[in-house]
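Asker: Full structure from sequences and hints, please.
Residue numbers (this note's numbering), protein chains in the order written: chain A, 6 to 482; chain B, 324 to 484.
Keep in mind that a hint or two might mislead.
[Unchecked claim] Below are the SDA-like pairs computed for lysine to any residue, each with C-alpha atoms no more than 20 angstroms apart in a straight line:
hint : chain 1 : residue 1 : chain 2 : residue 2
1    : A       : K136      : A       : E59
2    : A       : K93       : B       : A356
3    : A       : K53       : A       : A67
4    : A       : K203      : B       : T388
5    : B       : K375      : B       : K400
6    : A       : K203      : B       : N382
7    : A       : K465      : A       : E409
8    : A       : K203      : B       : G377
9    : B       : K346      : A       : C223
10   : A       : K474      : B       : H432
11   : A       : K203      : B       : Q331
12   : A       : K249      : A       : Y10
13   : A       : K321      : A       : S300
14   : A       : K447      : A       : K279
15   : A       : K465      : A       : E453
16   : A       : K203      : B       : P391
17   : B       : K346      : A       : P94
18   : A       : K279      : A       : L12
19   : A       : K40       : A       : S56
20   : A       : K136      : B       : Q395
21   : A       : K449      : A       : R411
22   : A       : K203      : B       : T340
23   : A       : K136      : B       : V345
24   : A       : K268      : A       : L475
25   : A       : K268      : B       : T472
26   : A       : K151      : B       : Q331
27   : A       : K39       : A       : K53
28   : B       : K375      : A       : R204
29   : A       : K474      : B       : E421
30   : B       : K346      : A       : Y180
31   : A       : K296      : B       : T472
32   : A       : K151      : B       : E421
33   : A       : K40       : A       : R204
34   : A       : K203      : B       : K443
35   : A       : K447      : A       : Y417
36   : A       : K151      : B       : R335
[To be verified] Where chain A lies over chain B, by a calculated footprint (3+ residues, C-beta under 8 angstroms):
hint : region
37   : 351-365
38   : 385-391
39   : 396-402
40   : 409-420
By construction, these hints were calculated from the structure, which means they are not laboratory data. Just so it is clear, CB atoms sit at the ideal spot from N, CA and C, and this is done for glycine as well.
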Amino acid sequence: MPEQYKLILKHADEPGYTPDLGCYLRHGGYEALKKAFATSPRALADGKSLSPQEVVRDDVKASGLRGRGGAGFSAGLKWSFVDRRSGKPIYLICNADESEPGTFKDRQIMHKDPHQLIEGMIISCWANDVKLAYIYIRGEMPHGAKLLEQALAEARNAGFLGKNILGTGYNLEIYVHRGAGAYICGEETGLIESLEGKRAYPRIKPPYFPAVLGLYMCPTIVNNVETLCHVKHIVTMGAGEYAKLGTPNNTGTRIVSLSGDVKQPGYYEIEVGKVTLGQLINDANFGGGLKPGRSLKAVIPGGSSSKVLKAGEVFKLNRKGADGQMTKVDVPMLDLPYDFDSLQAAGTMSGSSAIIVLDDSRSMVETLANLAEFYAHESCGQCTPCREGALWLAKGLHRLSHGEGRKADAEYLSHIAQNIQGRTICAFGEAAAWPVLSFIKKFKDEFEAQGAADEAAHAKGAGPSHELKLAASPNQH
Amino acid sequence: MSFAVSAQLEARLDELTTHYPVKRSASLMFLHALQEEFGHISPEAVEWTARKLGLQPINVYELVTFYPMFRQERVGKTHVKVCRTLSCALAGSASIREHFCKKLGLDAHAHTPQTTPDGKFTVEFVECLAACGTAPVVLVNENLHEQVTTAKADAILAGGV
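Answerer: Now the structure itself:
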């Protein structure tokens with residue numbers, strides 16, 4: 006039976022482990038930073054050599070580390086895009102705006118082990134010649150912000166931050182910046198606008214790639230909390246050893262946030278791809294299975310924006326056989342290894358590694374109505390298809406879930422969603438559209454039946470055809 | 324009530340502006356601090372912030388209206404934010420909100436934040452608070468309450484946390 010593999014959360018939940026510097030130092034804290042500073046230049050085959058900073062950057066690339074925020078893009082590649090010749094300062098921002106529904110992993114790190122994040126940040130900043138960095142933490146985490154500020158002050162006093170860090174001559178300042186309740190700030194260019202003191206309207210790419218034209222139009226790196234923590238461990242372990250964790254192209258560990266209809270919701274750190282979706286949901290040392298008497302209906306596998314998976318679905322995935330040949334193999338949904346590539350191959354994504362489990366007592370219409378209301382509330386309003394469309398989706402689904410539906414609503418809602426995705430400046434358009442498209446595609450009968458029942462009830466002059474179970478939520482629009 | 328920022332708060336905010344190469348960046352942190360101090364963001368607070376940061380009032384006002392955490396109206400001393408989003412909804416957050424409203428004599432069907440006439444409590448639905456593993460969750464002022472039951476909700480109201 007697969008088990009948790011605690012790398013990032015190794016100490017966080019140990020009894021007596023506290024978020025202060027003393028405790029962190031007693032657990033080997035800031036040794037990775039010292040090791041990074043002591044990195045030797047590396048000679049290359051072509052006679053050139055890499056500077057110590059370039060060595061660390063190279064190691065992050067070689068480790069295979071992929072972004073833990075949602076997109077799963079190679080962190081080393083992201084760093085390699087940074088424009089280092091512009092003569093402008095390079096900024097680093099830690100994206101701690103954890104707000105993808107279902108996700109609560111960065112919260113654990115920041116509240117229980119803030120120095121781990123700070124050490125990862127200092128190493129990342131040093132490796133990228135960054136002199137000024139920010140932690141953009143969501144506004145709803147005031148305690149986290151205070152803990153981080155406290156930890157930064159401790160690090161400053163101990164000489165890990167500020168001028169001439171550990172006598173190396175390297176200067177770095179890190180400040181905490183609080184968001185104020187807008188989901189769109191998790192989008193990196195929206196976050197940058199917000200950090201500039203503006204409304205968080207995402208920027209259009211090209212030309213505004215953060216690596217070139219980011220904060221104050223300077224080259225900027227935006228990395229997720231968990232991603233930056235991994236940098237520390239890559240330095241400690243070495244890229245080669247780190248890459249042995251997880252599976253090829255899906256290296257390292259990941260903290261999975263599990264919520265919804267399971268017996269033991271919570272966060273579980275696993276080697277990427279070494280545990281299947283089914284094991285995460287059902288094994289005793291993870292989700293512990295569904296509640297008594299319930300069966301699985303659907304799984305939202307990577308945060309609310311990911312496409313839903315239906316119980317019983319089977320996917321055709323490429324698998325390398327013993328002879329090294331790729332063959333197509335049938336993989337049932339619950340046997341999908343929980344990693345970046347497998348979920349992508351199954352037509353969805355591991356996103357922010359947040360799994361929301363839905364059992365057979367749930368109405369897919371109500372569930373989707375709940376999500377649609379979130380996206381309608383959080384659309385920044387910059388692009389018309391998203392601003393209007395997300396609202397239409399929420400209104401349509403509110404109607405359908407409150408006994409005013411029509412059989413044609415399923416088609417109507419899909420049509421709206423199709424006209425949002427791909428027509429917006431940022432990926433929020435897809436985030437709003439994908440749940441709708443996937444729910445309706447995979448549970449079309451349920452949507453149509455509900456609409457048809459409403460029509461029939463109306464024709465008879467009767468009340469709503471069904472009872473609300475989940476929401477009874479006031480429509481905010 | 325006149326709007327007066329204490330010398331102490333002003334010094335703290337002046338220090339904050341040194342964190343950024345461009346003063347405007349400090350806007351959100353200013354608004355957080357002013358809201359904490361005064362309970363809401365008044366037009367005077369908007370103008371004061373704009374003056375301090377060398378901006379037009381509209382540059383600040385547009386932040387107050389864009390970011391959900393900023394409010395232009397006073398709220399109760401105890402501000403109850405119930406998470407509305409999916410994992411909490413699955414765990415019954417709608418009935419928790421309804422319970423709060425009924426106990427306080429507020430309209431559970433209203434769309435906007437509800438405040439008791441004595442100004443002690445405000446109850447509202449907010450979007451995901453990133454604590455889905457311990458749903459349903461409620462943020463009361465700065466304190467997160469997890470796995471909230473109706474009994475816990477009563478304790479929150481009794482304690483005025």
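Asker: Would you list, in rising numerical order, the hints stated earlier that this structure does not obey?
Answerer: 2, 5, 11, 13, 14, 20, 27, 32, 33, 34 and 39
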